[in-house]
Structure formats: structure tokens, C-alpha cells
Amino acid sequence: MTTELQRSPTRRPLQMSQLGLHLMIAFLLLLSLVPTVIMINLSFKNGLQYRWERWTLSLPLRGSNYLSAWDVIDAYMINTVLVAVVGLAGVLILSLIGGYVFARMRFPLREPLYYAIIALLMVPWVLSFIPAYMLYNNLGLLNTRWALIIPNVAGGPIFGIFLMRAFITGIPEELYESARCDGAGAWSLIWRITFPLSLPGLATLSVLNFVAEWNSFLWPLVTISDMSKQVISVGLFRLSRTTNDLVDFGSGGPLFAGYVLASIPLVILFIVLGKFYVEGLVESGIKM
Amino acid sequence: MSAINQRLSSWGLNSPAARRNITGYIFISPFILGVLIWFLVPAATAGWLTFQKWNLITAPRFVGLDNIENLFEDELFLQSLKVTTMYTLVAVPLGLVLSFFIALLLNTKIRGISIYRTVYYLPSIVPAVASAVLWAFILNSEFGLLNAGLRAVGLPKILWLQEPEWALPALILMSLWGLGATMVIYLAGLQGIPDVYYEAAEIDGAGAGNKLIHVTIPLLSPVIFFNLVMGIIASFQIFTAGYLITSGGPQNATLFYVLYLYRAGFLHLKMGYAAALAWVLFIIIMGLTVLIFKYVGSMIYYEDTR
Numbered sequence: 001m002t003t004e005l006q007r008s009p010t011r012r013p014l015q016m017s018q019l020g021l022h023l024m025i026a027f028l029l030l031l032s033l034v035p036t037v038i039m040i041n042l043s044f045k046n047g048l049q050y051r052w053e054r055w056t057l058s059l060p061l062r063g064s065n066y067l068s069a070w071d072v073i074d075a076y077m078i079n080t081v082l083v084a085v086v087g088l089a090g091v092l093i094l095s096l097i098g099g100y101v102f103a104r105m106r107f108p109l110r111e112p113l114y115y116a117i118i119a120l121l122m123v124p125w126v127l128s129f130i131p132a133y134m135l136y137n138n139l140g141l142l143n144t145r146w147a148l149i150i151p152n153v154a155g156g157p158i159f160g161i162f163l164m165r166a167f168i169t170g171i172p173e174e175l176y177e178s179a180r181c182d183g184a185g186a187w188s189l190i191w192r193i194t195f196p197l198s199l200p201g202l203a204t205l206s207v208l209n210f211v212a213e214w215n216s217f218l219w220p221l222v223t224i225s226d227m228s229k230q231v232i233s234v235g236l237f238r239l240s241r242t243t244n245d246l247v248d249f250g251s252g253g254p255l256f257a258g259y260v261l262a263s264i265p266l267v268i269l270f271i272v273l274g275k276f277y278v279e280g281l282v283e284s285g286i287k288m
Numbered sequence: 001m002s003a004i005n006q007r008l009s010s011w012g013l014n015s016p017a018a019r020r021n022i023t024g025y026i027f028i029s030p031f032i033l034g035v036l037i038w039f040l041v042p043a044a045t046a047g048w049l050t051f052q053k054w055n056l057i058t059a060p061r062f063v064g065l066d067n068i069e070n071l072f073e074d075e076l077f078l079q080s081l082k083v084t085t086m087y088t089l090v091a092v093p094l095g096l097v098l099s100f101f102i103a104l105l106l107n108t109k110i111r112g113i114s115i116y117r118t119v120y121y122l123p124s125i126v127p128a129v130a131s132a133v134l135w136a137f138i139l140n141s142e143f144g145l146l147n148a149g150l151r152a153v154g155l156p157k158i159l160w161l162q163e164p165e166w167a168l169p170a171l172i173l174m175s176l177w178g179l180g181a182t183m184v185i186y187l188a189g190l191q192g193i194p195d196v197y198y199e200a201a202e203i204d205g206a207g208a209g210n211k212l213i214h215v216t217i218p219l220l221s222p223v224i225f226f227n228l229v230m231g232i233i234a235s236f237q238i239f240t241a242g243y244l245i246t247s248g249g250p251q252n253a254t255l256f257y258v259l260y261l262y263r264a265g266f267l268h269l270k271m272g273y274a275a276a277l278a279w280v281l282f283i284i285i286m287g288l289t290v291l292i293f294k295y296v297g298s299m300i301y302y303e304d305t306r
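Chains H and X are the protein sequences, given in the same order. Residue numbers for the first sequence follow my numbering, beginning at 1 and rising by one. Residue numbers for the second sequence follow my numbering, beginning at 1 and rising by one.
The reader is advised that the hints may include incorrect statements.
In the DSS-like style, the derived pairs of lysine-lysine whose C-alpha atoms are separated by at most 30 Å in a straight line are [what the hints assert, rightly or not]:
| id | chain 1 | residue 1 | chain 2 | residue 2 |
| --- | --- | --- | --- | --- |
| 1 | X | K109 | H | K275 |
| 2 | X | K53 | X | K82 |
| 3 | X | K53 | X | K270 |
| 4 | X | K270 | X | K157 |
| 5 | X | K294 | H | K229 |
| 6 | X | K82 | X | K294 |
Derived from the structure by calculation, the hints contain no laboratory data. Just so you know, these numbers come straight off a predicted model, no measurement behind them.
I would like the entire structure built from these sequences, with the hints used as guidance.
Laid out in C-alpha cells, this is it:
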């Protein structure tokens with residue numbers, strides 16, 4: 001983001017005093033942060049505080065809620081990271097190759113094929129839901145991690161190819177030409193040239209895909225019954241349901257601590273990749 | 001490889017151009033195969049299931065158009081369609097405008113703006129399940145924060161999740177806290193607009209309003225269009241909020257389409273009927289997208305046509 005600060009300061013889309021702008025942004029941010037702050041605040045409460053001081057800060061903070069929460073959700077978190085990372089690797093590889101094929105290679109029916117793939121974005125996931133469930137059942141894949149990895153690797157590149165094609169189209173053709181003169185084949189054009197130059201686009205795709213996987217709920221709920229393989233969304237859901245009595249009794253602190261813990265991987269991901277995430281979107285110049 | 005080359009030349013496909021053609025297909029084939037097996041074949045099977053009666057346990061039985069005929073007599077189907085359409089009609093435009101406005105604000109060059117952007121994105125990162133429980137708390141009529149706020153300014157409390165007329169607005173309100181991704185896409189679009197356009201407009205004496213209407217919005221129209229299409233597609237498939245917070249209630253006021261479909265299939269084990277619902281949803285989404293491309297797509301300004 002530093003590059004922008006160095007750009008000419010003459011452009012101001014909104015002619016307002018800096019102070020007014022600051023105030024407006026700050027107000028909106030405060031508003032948008034309310035749920036997050038409430039979640040963190042609730043996560044530090046003991047039973048009584050939770051019951052009587054729900055919306056205010058209560059001291060001392062009960063950090064041990066986080067230990068109780070971690071004890072319950074650690075396996076779900078690890079499962080989700082495992083499934084999401086393996087799936088993401090597949091999505092990135094297929095999207096990079098697919099993006100390259102549609103941006104750079106020439107072959108008959110390329111455009112109709114590309115638009116057919118983009119049209120898949122319109123197909124609701126529920127359309128394949130029930131038969132896919134039966135397919136996984138018949139193949140004995142229910143209750144295995146494959147049931148969570150395969151749908152992502154198969155479906156994730158649909159948007160991925162759309163994004164990576166737009167991104168790769170922006171890479172200067174001269175780079176490819178000079179590499180071709182040096183005798184590089186399609187395979188090495190992908191890995192030696194496209195891949196290193198596509199990192200921001202891949203970062204964008206990683207954030208979007210990982211967040212989607214982290215929030216995937218209904219499919220794991222019906223395909224995974226063995227809780228030792230279950231993912232975080234369903235884990236949190238079960239936790240909310242089983243602690244319902246506890247919530248009424250007044251000790252939801254650990255539950256909310258669990259929610260905070262479950263958010264942390266995504267926060268880290270966004271902070272690490274955030275800059276590239278926006279850059280990748282800028283350079284791909286999304287168009288339909 | 002040489003064996004492949006031999007085979008290719010025997011088909012007359014060994015010219016460099018033909019080889020390139022083949023390479024394209026070979027490279028894309030793992031993806032195509034994956035989509036076919038795990039996505040399109042099941043989707044087509046759903047088409048077949050539409051004409052069957054099947055409870056997962058006994059064998060499917062052909063029932064012709066029964067499932068489709070039943071649809072139009074099913075009040076819950078019509079209700080779920082109505083709820084989902086109303087949600088889409090309000091939440092999507094509202095979200096598009098609000099996130100556009102916020103992106104404009106966050107695109108200004110003031111100190112600490114990148115921190116603001118990250119902070120604004122945070123609520124979109126909280127897992128959907130967590131955010132659902134959290135909002136059930138905020139909207140709770142007895143101890144909820146929203147009603148506490150209303151009380152503080154002297155307004156009567158609202159039974160957000162118990163009154164049929166308030167439940168859907170409550171979920172729409174909640175959706176406004178998940179706009180981070182849409183906002184970032186706008187932001188990226190804004191950053192892609194070259195400064196020279198604004199400078200030229202300034203030379204012509206354009207004020208902030210004119211620059212917004214004559215520079216920003218036309219140049220950003222492909223991005224707005226993208227967000228509109230994706231927003232509508234996603235909105236018609238909303239599930240989690242209705243399932244977790246309201247369970248479709250009160251009085252089916254938040255019975256979203258996919259929630260009803262899930263119940264038909266996995267609760268009542270009417271797989272054929274659920275498949276019919278899924279196909280109807282697909283046709284609705286496809287029809288809407290085609291209409292949007294036809295009527296809105298022509299208004300989009302593409303800087304360089306590919």
C-alpha cells in the first residue's frame with residue numbers, strides 16, 4: 001500500500017476535508033467491528049459475567065476460556081487446515097494451467113469451451129448435491145477426507161480459471177516470445193514464466209478458496225459423520241448445539257473463545273496475503 | 001513421448017500447429033474430467049432423479065412429471081421462492097451500493113488506510129457459523145444488543161427473530177456485515193483506474209460528483225456488473241443464515257430456497273422432489289443471468305474489447 005502514498009496527492013475522489021473523511025471512515029469501521037468486538041468480549045467472560053454483564057467489559061479477563069475451547073476444537077482446526085491446503089494446492093495447479101491454456105494457447109473451440117466453463121459459475125452447487133452424495137457413498141468415500149478434498153479440486157478451478165485467465169492475459173507477450181525463441185515448450189512456459197509472474201493472482205485465489213473452504217458447512221455436515229475427521233464449521237455448530245444448555249446456564253465464554261480461535265487462521269492468511277490479494281485483483285481487472 | 005509422437009503423426013497431427021492444438025486439450029483435460037465426473041454427471045443425474053420417486057432406501061421409481069406438477073401446488077415451494085426473491089431484491093442492491101460507497105472511502109489516500117482496509121475486512125473473515133450465533137445474540141429480543149440500543153434512544157423493542165415481518169429484514173441487516181470481499185473487488189477496480197482520467201476531468205473543471213458519474217462509475221461498470229451477477233447467483237443459494245439463526249421461521253418467513261430443498265431431500269427423504277427443486281433453481285439462476293447480460297450487459301463500458 002506504500003506505493004499509493006507516493007502517487008500524486010492531487011486526486012481526491014471525494015472533496016472533503018481530511019478530518020471529515022477520517023471521521024466517516026472511523027464511524028463505518030466502528031460499526032463494522034461491533035460484532036467482532038462483541039465476540040472477543042464474550043470470549044473472556046466466566047459464567048456469572050456472561051449472564052449479567054453480557055455487553056460490557058468485565059474484569060478480570062478469563063483467558064482460560066481459550067484453553068477449554070482449544071481442547072475441543074483443535075482437531076477440527078487441524079482437519080480443516082489439512083483438507084483446505086491439499087485442496088487448494090490442486091485448485092491452484094489446475095487454475096494456473098487452465099488460465100494459461102485459455103489466455104495463451106490457440107486451439108479450435110477455445111472460446112466456446114472457455115464460455116462453457118464460465119457458465120458453470122451459474123450452476124448452483126445444490127444441483128449436484130444429492131447425486132454427488134450418492135456417488136461418494138457408492139465409491140466408499142463418505143467419511144473420508146477425500147469427500148472434502150475432491151469437490152474443491154473439481155469445482156474450485158471454475159472460478160480459478162476465470163481469474164487466472166484474466167491475470168495471465170495481462171502478462172506481456174514479449175516474455176513468452178523470447179522464451180519460445182530459446183526453445184521453451186508449453187510446460188516450461190507455464191512453470192518458468194507464467195507461475196512466477198502470477199503469484200499475486202494465485203494469492204487472490206488462495207484467499208478466496210481458503211475462506212470458502214473454511215466456511216464450507218452443509219457438505220461436510222452430511223458426508224462426514226466421524227467427528228474425528230470433521231471440519232471447523234460443523235465442529236463449531238455441534239459445539240453451539242451441545243453447549244446450548246450451558247449457554248442458558250450462563251457459561252458461553254469458551255464457545256465464543258472457540259469462535260475467536262477459529263477466526264485466527266483466516267486473519268493470519270489475510271494479513272500475510274492481503275497486499276497480494278488486492279494486487280492480484282487489480283491486475284486481473286475482473287470482467288465478465 | 002516418442003510413442004505418442006508416432007501415434008500423433010499416424011493421425012496426421014504431427015505438424016507444430018496441430019501439436020499445439022493437442023497440447024491445449026491435454027493440459028485442460030484433467031480439469032474437464034474432474035468437472036465431468038464430480039460435478040456435471042451428478043448434475044445430470046439430478047435431472048434424471050427429477051422424474052423419479054426415491055427415498056434413498058428403496059429403489060427409485062419412475063413417476064413422470066409428478067414432482068414437477070407437485071411443485072406448483074406446494075405452498076412451501078412458493079413461499080421459499082418468494083422469501084429468496086425478496087431477500088435478493090433487497091440485500092443484493094443494498095450490498096452493492098454500500099460496499100461501493102465504502103470502497104470509495106477506503107480508496108482515498110490518507111494515513112493508515114491499509115490498516116482501515118484490513119480492519120474493515122475482518123467481519124467477513126469470522127466463520128459463518130460463529131457469525132450466525134453471534135447475530136442470534138445481537139438480534140435476541142430479550143437481551144440483544146440491537147434492542148438495548150433501541151431502548152436507549154426511546155424506541156420500543158422489536159421481536160426481530162419472532163415476528164415474521166422482521167425476520168427477513170434482520171437477516172438482510174446481518175448480511176451487510178459480510179461485504180468485505182465485494183468491497184475489495186471494488187477497491188481493486190478503483191485502483192486500476194489510471195490517475196490521468198481524473199486529472200483530465202479536473203482540467204475540464206469537473207467536481208467530485210462529476211468525476212464519480214463520468215469517470216469512476218463508467219470505468220468501474222464491468223466490476224459493478226461482475227459483483228451484481230455473482231451477488232445474485234450467491235444470494236439465490238443462501239443457506240447458512242436461515243438454517244442456523246431462524247431455522248426457516250418464524251412461520252417460514254426465512255425459508256430460503258436451498259433450506260427448503262435440503263429439508264425435502266435430507267429430512268423428508270424426497271430425493272426426486274429435491275432434485276426437481278434443484279433444477280428449477282438452476283433454471284431460475286440461468287434465466288436471470290441471461291436477462292442481466294442482455295439488459296444490463298449492454299450498458300457496460302469495456303475499455304479494450306478482447
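How the hints compare with the structure:
1. For a cut-off of 30 Å, the pair hint linking X/K109 to H/K275 stands: about 16 Å separates their Cα positions.
2. The hinted pair formed by X/K53 and X/K82 meets the criterion: a straight-line CA distance of about 26 Å does not exceed 30 Å.
3. For the hint linking X/K53 to X/K270, the alpha-carbon distance of about 7 Å falls within 30 Å, and the restraint holds.
4. Taken as a hint, the X/K270 and X/K157 pair is broken in the structure, with Cα atoms around 40 Å apart against an allowance of 30 Å.
5. Proposed proximity of X/K294 and H/K229 is contradicted: the alpha carbons are some 46 Å apart, above 30 Å.
6. Distance restraint check for X/K82 and X/K294: the Cα-Cα separation of roughly 24 Å lies within the 30 Å cut-off, and the hinted pair is therefore satisfied.
The structure fails to meet hints 4 and 5 from the earlier list, while all remaining hints are met.
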